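Residue numbers (the working numbering), protein chains in the order written: chain W, 1 to 472; chain Y, 1 to 196.
Everything labelled a hint here was simulated from the structure, so no lab data went into it.
These figures come from a predicted structure and were not determined experimentally.
Hints may contain errors.
To be verified - In silico lysine-lysine, DSBU-like type, Cα no more than 35 Å apart, as pairs:
1. K164/W to K169/Y
2. K251/W to K88/W
3. K421/W to K169/Y
4. K4/Y to K55/W
5. K164/W to K7/Y
6. K76/Y to K55/W
7. K7/Y to K129/Y
8. K196/Y to K251/W
9. K313/W to K185/Y
10. K70/Y to K320/W
11. K152/Y to K320/W
12. K128/Y to K190/W
13. K70/Y to K169/Y
14. K457/W to K75/W
15. K319/W to K128/Y
16. K7/Y to K33/Y
17. K152/Y to K164/W
18. K362/W to K421/W
19. K7/Y to K169/Y
20. K169/Y to K313/W
21. K196/Y to K244/W
22. K416/W to K76/Y
23. K186/Y to K416/W
24. K320/W to K129/Y
25. K336/W to K416/W
26. K33/Y to K319/W
27. K33/Y to K169/Y
28. K76/Y to K164/W
29. K196/Y to K319/W
30. K7/Y to K186/Y
31. K196/Y to K8/W
32. K128/Y to K320/W
33. K57/Y to K75/W
34. K257/W to K152/Y
35. K421/W to K33/Y
36. K88/W to K33/Y
37. K176/W to K319/W
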Amino acid sequence: MGQTLFDKIWDAHVVSSNEGFPDILYIDTHFIHEVTSPQAFDGLRARGLPVFRPKQTVATADHNVPTWNQHLPIKEELSRYQVDMLTKNCAEFGIELYGLGHPFQGIVHVIGPELGITRPGGTYVCGDSHTSTHGAFGAIAFGIGTSQVEQVMATQCLLQQRPKRMKIEVNGQLQKGVGAKDIILYIISKTSAAGGTGYAVEYSGDTIRSLSMEGRMTICNMSIEMGARCGLIAPDETTINYVKGREFAPKGEEWDKAVAYWQTLYSDEDADFDAVLYFNAEDIEPMITYGTNPGMGIGVTQHVPETLSFEEKEQGSYKKALAYMGLHDDEQLLGKPIDYVFIGSCTNSRIEDLRQVAEFVKGKHKADNVTVWVVPGSKQVQEQAIREGLDKIFDAAGFPLREPGCSACLGMNEDKIPAGKYCVSTSNRNFEGRQGPNSRTFLASPLTAAASAITGKVTDIREFLKEAELVS
Amino acid sequence: MSTKIFKHIQTSVVPLPIENIDTDQIIPARFLKATTREGFGNNLFRDWRFDENDNPKQDFVLNNPNYSGKILVAGKNFGCGSSREHAAWAIADYGFDAVVSSFFADIFKGNALNNGLLPVQVSDEFLKKIFDAVFEDEHAVVEIDLVDQFIKIVATGETESFEVNPYKKACMTNGYDDIDYILSKKELIAEFETSK
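Build out the structure end to end from the sequences listed, making use of the hints.
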């Protein structure tokens with residue numbers, strides 16, 4: 001019987017496997033940030049332990065940081081304290097910190113890949129559920145709690161039960177205006193927010209293969225939104241070309257050795273999966289969510305479902321979600337006025353996302369009723385955008401390019417969506433209050449978000465693309 | 001280091017029959033700025049429990065004096081979303097020892113187990129029976145026995161067994177800690193590193 005990609009990587013990292021115990025899994029790189037690490041450092045101090053492998057630990061400040069005037073001290077006292085604490089802890093325990101002002105600073109799931117730290121075949125963890133992003137390289141990567149952050153700091157290992165394996169295959173040609181974000185929102189709308197729980201999900205099929213690394217990261221990023229332990233995509237030429245030459249990527253002979261190994265990383269033809277799902281790319285419209293979990297998504301031209309279409313025991317939760325969102329049964333979102341557009345987060349803040357948005361908004365201007373925030377995923381993305389002149393295009397369109405951080409994805413800094421306001425957001429979660437108390441989130445792709453900013457209402461990007469074709 | 005020991009409880013319960021309760025509801029992100037593990041219970045379910053002026057919302061179950069107890073009973077897919085362990089800390093700090101649901105998100109389940117908070121997964125039918133019992137009598141008592149792995153609605157005698165990883169069960173019933181266990185295998189980690 002052949003092996004899955006997931007099992008090949010897992011087996012290569014098992015330090016010890018004992019009947020009745022979870023495996024002890026070796027972690028290649030541990031990413032940490034200011035929010036979920038302080039209690040873990042305190043735990044080490046209480047035990048009198050050092051960080052076991054500080055050189056395999058990478059720190060950045062992202063969740064709490066302002067995205068405007070980052071050179072000034074952080075205004076909010078608790079945020080400043082937490083970021084200062086990270087600086088102190090990293091110095092004390094000998095960990096490299098890409099903090100505010102550092103050219104490598106940024107959202108932890110953006111900087112790992114762009115620095116060449118995330119590579120095929122590796123194991124990566126972080127006290128953040130969107131660590132699944134790194135799986136796009138053909139790696140095992142998942143989010144952990146703070147007790148586990150302490151565990152990895154103390155031992156460079158994690159006690160883990162091997163999850164079940166699921167394959168999700170997407171084949172066919174995507175419609176114009178439909179991208180990676182729409183694919184994953186579509187998949188989650190079919191599996192529900194719990195459909196992947198207990199599984200490591202491998203994405204495959206020719207549609208997935210045709211995606212850039214940025215697109216693959218968007219897909220794997222949202223694996224957790226269907227409850228999956230992690231998501232991964234077998235490495236190929238696209239992956240290898242992306243990693244090559246990056247800051248911490250292997251060089252020379254090491255590189256050749258690494259590539260030879262990476263080429264063995266795929267699921268064997270006869271590998272056995274515990275579950276397999278197939279989707280057709282042609283069926284996928286530009287997607288938008290209407291509810292309060294990422295599984296509550298529809299094609300942008302579709303109507304919000306009727307309460308009675310759900311089982312009786314689910315109807316209470318459904319009504320609660322619609323009431324929170326200020327929507328009603330069978331409502332169409334298309335044309336609904338919006339207040340904010342957020343382009344950013346570890347899902348969609350990479351240079352390719354910004355290029356795509358800039359290309360679309362060039363020569364257009366946002367609607368008066370909308371405030372737009374474009375938040376790059378890292379200092380490097382920001383610098384690159386400026387080098388390419390994207391900032392000028394954004395400025396002219398009324399889309400100011402801010403500074404890197406998690407920002408309005410979870411509103412831990414000042415970037416909060418006010419109560420009752422609607423935000424079309426390229427982030428990953430539409431939970432109640434996620435973007436600020438009583439804020440209302442419509443999750444969508446960068447193109448759908450940009451088009452909605454221009455018209456001031458929920459928009460089908462395909463209408464714009466049709467017009468563009470008529471003009472040309 | 002030893003952790004909190006859990007073997008058996010018998011108590012009234014707090015019902016929260018909502019599905020897909022995510023960790024942002026359990027503890028909103030703006031309360032994650034603390035750098036210690038204590039005090040998160042005050043902000044448990046903050047935005048469901050209090051209005052924007054910090055006044056208790058009377059229709060939320062934690063503000064209803066008729067309901068109390070050491071067990072939180074909630075709809076399926078409890079604890080989905082963010083990996084924040086603060087969610088488990090908040091529930092335990094508020095005074096709960098166990099959460100019962102018909103489905104738990106993975107990371108939350110692991111975080112709860114690492115903090116002496118027992119996640120008990122029951123069938124949809126049994127969950128409904130608990131809700132029925134507590135809506136019939138708000139003082140309805142539920143018994144959870146980790147040693148023999150069963151949950152019982154005391155008034156009706158209805159019982160269901162539940163699964164728990166044998167290693168985590170040993171940890172919870174003895175107060176063992178994951179880090180001590182891995183450190184006991186430290187020579188294997190060194191061996192693994194040299195063999196790479």
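Going through the hints against the structure:
In summary, the hint linking K164/W to K169/Y is supported, as the alpha carbons are separated by about 21 Å, within the 35 Å threshold. With a C-alpha separation of about 32 Å, the suggested pair K251/W and K88/W falls inside the 35 Å cut-off, and the hint holds. Proposed proximity of K421/W and K169/Y is contradicted: the alpha carbons are some 46 Å apart, above 35 Å. Of the pairs offered as hints, the one joining K4/Y and K55/W holds, with about 33 Å between alpha carbons and a cut-off of 35 Å not exceeded.
At most 35 Å may separate the alpha-carbon atoms for a hinted pair to count; K164/W and K7/Y meet this at roughly 29 Å. For the proposed pair K76/Y and K55/W, the alpha carbon gap of about 41 Å is over 35 Å, so the pair is violated. Note on K7/Y and K129/Y: the hinted pairing holds, with a Cα-Cα distance of about 23 Å set against a maximum of 35 Å. Taking the CA atoms of K196/Y and K251/W, the gap is about 18 Å. The hint holds against a cut of 35 Å.
Using a Cα cut-off of 35 Å, the hinted pair K313/W and K185/Y is violated, with the two alpha carbons roughly 47 Å apart. The hinted pair formed by K70/Y and K320/W meets the criterion: a straight-line CA distance of about 26 Å does not exceed 35 Å. For the suggested pair K152/Y and K320/W, the alpha carbons sit about 30 Å apart, so the restraint of at most 35 Å is met. The straight-line distance between the Cα atoms of K128/Y and K190/W is roughly 26 Å, inside the 35 Å bound, and the hint therefore holds.
Of the pairs offered as hints, the one joining K70/Y and K169/Y holds, with about 19 Å between alpha carbons and a cut-off of 35 Å not exceeded. Note on K457/W and K75/W: the hinted pairing holds, with a Cα-Cα distance of about 33 Å set against a maximum of 35 Å. Proximity of K319/W to K128/Y is assessed by CA-CA distance (about 19 Å); at most 35 Å being required, the pair is judged to hold. The straight-line distance between the Cα atoms of K7/Y and K33/Y is roughly 33 Å, inside the 35 Å bound, and the hint therefore holds.
In summary, the hint linking K152/Y to K164/W is supported, as the alpha carbons are separated by about 30 Å, within the 35 Å threshold. Taking the CA atoms of K362/W and K421/W, the gap is near 26 Å; set against the 35 Å cutoff, the hint holds. Taken as a hint, the K7/Y and K169/Y pair is honoured in the structure, with Cα atoms around 9 Å apart against an allowance of 35 Å. A C-alpha spacing of about 31 Å is found between K169/Y and K313/W, which places the hinted pair at or below 35 Å, so the restraint holds.
Straight-line distance between C-alpha atoms of K196/Y and K244/W comes to about 22 Å, which keeps the hinted pair within the 35 Å bound. As the CA atoms of K416/W and K76/Y are separated by approximately 29 Å, the hinted pair is consistent with the 35 Å bound. Annotation: proposed proximity of K186/Y to K416/W is violated, straight-line Cα distance about 45 Å (limit 35 Å). A threshold of 35 Å between alpha carbons decides the hint, and for K320/W with K129/Y the separation of about 22 Å falls inside it, so the pair holds.
Proximity of K336/W to K416/W is assessed by CA-CA distance (about 21 Å); at most 35 Å being required, the pair is judged to hold. Restraint check: the Cα-Cα separation between K33/Y and K319/W comes to about 32 Å, which is no more than 35 Å; the hinted pair holds. Taking the CA atoms of K33/Y and K169/Y, the gap is near 31 Å; set against the 35 Å cutoff, the hint holds. About 20 Å separates the Cα atoms of K76/Y and K164/W, which keeps this hinted pair within 35 Å; it holds.
Distance restraint check for K196/Y and K319/W: the Cα-Cα separation of roughly 54 Å exceeds the 35 Å cut-off, and the hinted pair is therefore not satisfied. Note on K7/Y and K186/Y: the hinted pairing holds, with a Cα-Cα distance of about 30 Å set against a maximum of 35 Å. Between K196/Y and K8/W the CA atoms are separated by roughly 15 Å; this keeps the pair inside 35 Å, and the hint holds. As the CA atoms of K128/Y and K320/W are separated by approximately 19 Å, the hinted pair is consistent with the 35 Å bound.
Proposed proximity of K57/Y and K75/W is supported: the alpha carbons are some 31 Å apart, at most 35 Å. As the CA atoms of K257/W and K152/Y are separated by approximately 58 Å, the hinted pair breaks the 35 Å bound. Taking the CA atoms of K421/W and K33/Y, the gap is near 25 Å; set against the 35 Å cutoff, the hint holds. Our distance criterion of 35 Å between C-alpha atoms is met by K88/W and K33/Y, whose separation comes to about 16 Å.
Taken as a hint, the K176/W and K319/W pair is honoured in the structure, with Cα atoms around 34 Å apart against an allowance of 35 Å.
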